[in-house]
Amino acid sequence: MKFFLQNVINAVQWGSFYSLIAIGYSMVYSILMLFNFAHGDIFMVGAYIGFGITTLIIGICAASAIVLPNWLILTLIIIISMFLTSFVGMFVERVAYRPLRAAPRASAAITGLMIGIVFETVILAMLGAKRVSFPALIPAITFNVGGVFITNQKIIIVLVSLGLMFALHQFIKRTKWGMAMRAMSFDFVVVPLMGVSINTMAALTFAIGSALASAAGILYGIAYPVLDPYMGIKYGWMAFVAAILGGRGSVMGAALAGFLLGFIQIFVAMIFPSTLRDLIAFSIIIVILTIRPHGFFGEAYSARLRL
Amino acid sequence: MKALKIILIGTLILLIGVTAVFAGGKKEVDVITIGVNAPLTGDIPKVGEGTKFAAQMWLEDINEAGGIEVGGKKYKVELVIEDNESKAESAVKVNTKLITEDEVLVIVGPQASKQAVPSGEVANNYETPMVSPWSTNPKTTKNRPYVFRGCFLDPFQGPVVANFIKEEFGFTKAAVLYDVASDYPKGLAEFFKAAWEDLYGPGSVVAYESFTTGDADFSAQLTKIIRSGAEFFFSPQYYNEVALIVQQAHQLGWDRPIVGSDSWGSAETVELCGKDCYGLFFSTHYAAAGARGATKEFIDRYNAKHGYVPDDVAALTWDVMHIVEEAIKSCAELTGDLKKDRKSVRDAIAKIKEFDGITGKMTFTEDGDPIKCAVIVRISDAGEFEFYKSVCP
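Read top to bottom, the protein sequences are chains L and B. Numbering that gives the first Met the number 0 puts the first residue of the first sequence at 0, with every later residue one more than the last. Numbering that gives the first Met the number 0 puts the first residue of the second sequence at 0, with every later residue one more than the last.
Chain B on its own, in the form it takes in the complex:
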């Protein structure tokens, strides 16, 4: 028994020693490390894949140009892409690791608000700039000088959807079905409800139903929505749930519109949902079909390389990578003192007032939030995301 104990303790000490040796390795000075915190596994792996591919495409361009030039000196760029398993707690861990172990200059991600809200806290505490391309929940950047984003916010998206339905269909009775355990759907559901009640007064949201992450059966909630007499329902869910919700609604006899939000814009929504999703509308950041200029160039390049049309996450990540690039370039110099450099990158991002990205023109507010247009997309009868309407603030 004693021998076993000694072996056990010995192994532990060895492991700690090995980790210390690896962690202690000093970074080269002329390399810029950028962390990417992405959901490569878990609930929304397609989002992680888009993030990874877009970031890697950006890196190719940088490598071709020989790196990023700051203050007359060329720096090589390295990406550290880490998986946050689509979990809030893992995303926080990944951020901490990126900041303290990988010593990244800036973090791109996490994508979903569920992970971006808690991770933003960590980045801000460690004074490391973080830009989330896709997180639309206001809490992500609020009172956090080091956290930025590349997309519009839910307080904007909620009214966009409400107004669109009012103008398009003239409905007055709404229902909402959302995941109460996830920051993004919960926040957006609340903003939508507020916007709808602004239009039609209290009581106009006739059913406000929820479930928790991981549920697959929504029959009880849907039966309630159907009975409530709602003329449509809004479901700001991720693509895996969208398929189940839409199919079950139809099987329970629902034949009215179901409206979604930017989380529907994944390349996988239609693949999982099939014909049931044809003809439905959702609000999002960009529409791939009918794109022009730089946006089309990006879509064609991505499609040629990975075999499918990139979704909004990939496009937003692409934009954010360029915002970060521009910010780093505009720094006077990189001193090698990580704390100082992070601060100057943060200031540089905050100084960007306008950016012309592939997801549209954005201007930044003082909170680090862009003001940009939203797009209403219709899922066509061929299963493509069709541009339907653009809504600007």
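Extracted from the complex, chain L is given alone in its bound form:
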């Protein structure tokens, strides 16, 4: 039982990253009908921006002898990084996707991949191939709850992820912007005729997706404090799988599928030899997709934005 609970906790933390990244994929798809393959690298850039801001804030605090509590620093970092990374997302949309909006889908997908490689190379050129160590903002405190080990970091990661997902849910459901996004995802030919600008909506979608990816990047840096320029590739693909599994366009689906993917990976490793982990995990996903080709919350012939 202890063993089982410990793995549940492992999986929830692991799934949080997939969920936050997967939501970005799903939202962009619902508006523009394309997968933003640079998204994994935006996650990476977000983590690096977080790293930069953290170093900066810690430096300023040390220089001016201001003592800020760590939770405040973390909140500041997440907010500033999300803000800055959303511009990275809008930049990608402006440079790589808007000029190709009328082009074949495959061309847009390729530009996405190219932008991803550009980001990796830029980070590589700026910081060198050396891995950077994310500053230990929140020193890990391990709690032993009846033999199950939980760290304060895990709690923060899961709470912040859920908080952001809830905020996004409210935004899409209650605000005018959210309504416009949902409308746009129904029909991006007709809705612009009603006075909603597709350019604005596309930029907004990219901004939100990238901001979430950035938050995921910072949380990732707290849990796994070794950053490298290629870290986005693997998580990008995994989150892409989660987005498909959840059903294109479904925010809730992407979030749940992200957690599901985390659970599958952790529990397969728990039951079977860990060498077979991805083999079995992805076989399970193939089976799921065979039974539900549109994912859990997907709809045939439509990828409209849903909660």
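FYI, nobody ran anything at the bench for these hints, they're computed from the structure. Bear in mind that the values here come from a model prediction, so they are computed numbers and not experimental data. Hints may be right or wrong, so weigh each one.
As the list claims (entries may be wrong) - With a straight-line cut-off of 30 Å between C-alpha atoms, the simulated DSS-like cross-links for lysine-lysine are: (1) B:295 - B:141; (2) B:295 - L:129; (3) L:129 - B:86; (4) L:233 - B:274; (5) B:96 - B:350.
To be verified - With beta-carbon atoms standing in for the labels, derived distance ranges: (6) L:1 - B:167: 28 to 38 Å; (7) L:2 - B:59: 54 to 64 Å; (8) B:198 - L:278: 57 to 67 Å.
Don't be surprised by glycine CBs; every beta carbon is placed ideally from N, CA and C.
Got chain L; can you put chain B on it based on the hints?
Coordinates of chain B only, in the frame set by chain L:
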């Protein structure tokens, strides 16, 4: 559209022509070119950096002496340092390029077995001598007369670690966590398991868990190891993973020893891992703290120049550069016929029976593998690599 097509084809032809012109340039005869195949980017850039710095330091010495003298004639030396991105396929490409385009006399590197095993194949096929300073996997040199190395082998390192733990702690139940997609950790994990089972019989390795390159979360595997009742675990991983594995193990409540191998010996291990790694042991090629003689001279010089204590890769590269130098010097002459010269350099390396390097005395077997002592290092409470024990074959 037609104009575009013509432009496209024209550009391609031009590019091919330019490449051909550059590639066709004939090498001067009195220059010896040595290729270095190093992971300057990718998973283990610190290893590449150590390789590059050590090789360049060696070149400085050579240049100061005016070159290498072979058969009464002085030759200038040129290094071609190429990046293999820590990828097996790129390392193979780099080797091919060094051999066919740069026309090197001998190749130093690649470092990690993941790249050295497949690259050795290429060097051997092209009959170009290659010496890997750091690759400990037996496959690198096995049945390859043109491939050599500067370090001990994993079939030796595995038992060294197993015996050390037996003597030091008296443990009987072991666990292993390794990367199944990389030659070095996989090979070493197997050798360690075999050595441990030799000591305590089958079933004494209570957990044998793996992951694949690029993973950052090891919680499922670690939870399994913790449940298995192992008294320690062995993780022959590179420095970037070491930090994550050790930290996550501690966060999951693991408070027993974690033991590593020579891949831990990077200058960056402690920087990434922090206090979590203090007090842990690993086996390696040399220990910087408390070094004497030529080893100390090298460490001080490197430290003065680059601002940190060189790791084992740098020290081994330094030794290998000198082995190569000695071999080239002992050739009767360099004819300018690359094929012949490569052959005579290979024979010269194979003839070296003993070498006194900064990582210890080595004697070479017929396979081109050195027999040398291993060192057990403890990461001190100040984060330094402390000499703990020496284990000789």
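Determine whether the Cβ-Cβ distance between residue 1 of chain L and residue 167 of chain B falls within the hinted range of 28 to 38 Å.
30 Å, holds
Taken at face value, is the distance from the CA of residue 141 of chain B to the CA of residue 295 of chain B at most 30 Å?
Roughly 33 Å separates the two Cα atoms, so the pair is violated.
Restraint check for residue 129 of chain L with residue 86 of chain B, where alpha carbons must lie at most 30 Å apart
Distance of about 16 Å is within 30 Å: holds.
Assess, step by step, whether the Cα of residue 96 of chain B is no farther than 30 Å from the Cα of residue 350 of chain B, and give holds or violated.
Within the cut-off at roughly 27 Å; holds.
Beta-carbon spacing of residue 2 of chain L to residue 59 of chain B - inside the hinted bounds 54 to 64 Å or not:
Once the Cβ atoms are compared, 57 Å apart, the range 54 to 64 Å for residue 59 of chain B and residue 2 of chain L holds.
Please test the hint of 57 to 67 Å on the beta carbon pair from residue 198 of chain B and residue 278 of chain L.
With Cβ atoms ~32 Å apart, the hint is violated.
Is the straight-line distance between the alpha-carbon of residue 233 of chain L and that of residue 274 of chain B 30 Å or less?
Distance ~28 Å between residue 233 of chain L and residue 274 of chain B Cα, so the pair holds.
Is residue 295 of chain B close enough to residue 129 of chain L, meaning Cα to Cα at most 30 Å?
Given pair residue 295 of chain B, residue 129 of chain L holds - Cα atoms ~26 Å apart, limit 30 Å.
The structure is inconsistent with the numbered hints 1, 8, although it conforms to all the rest.
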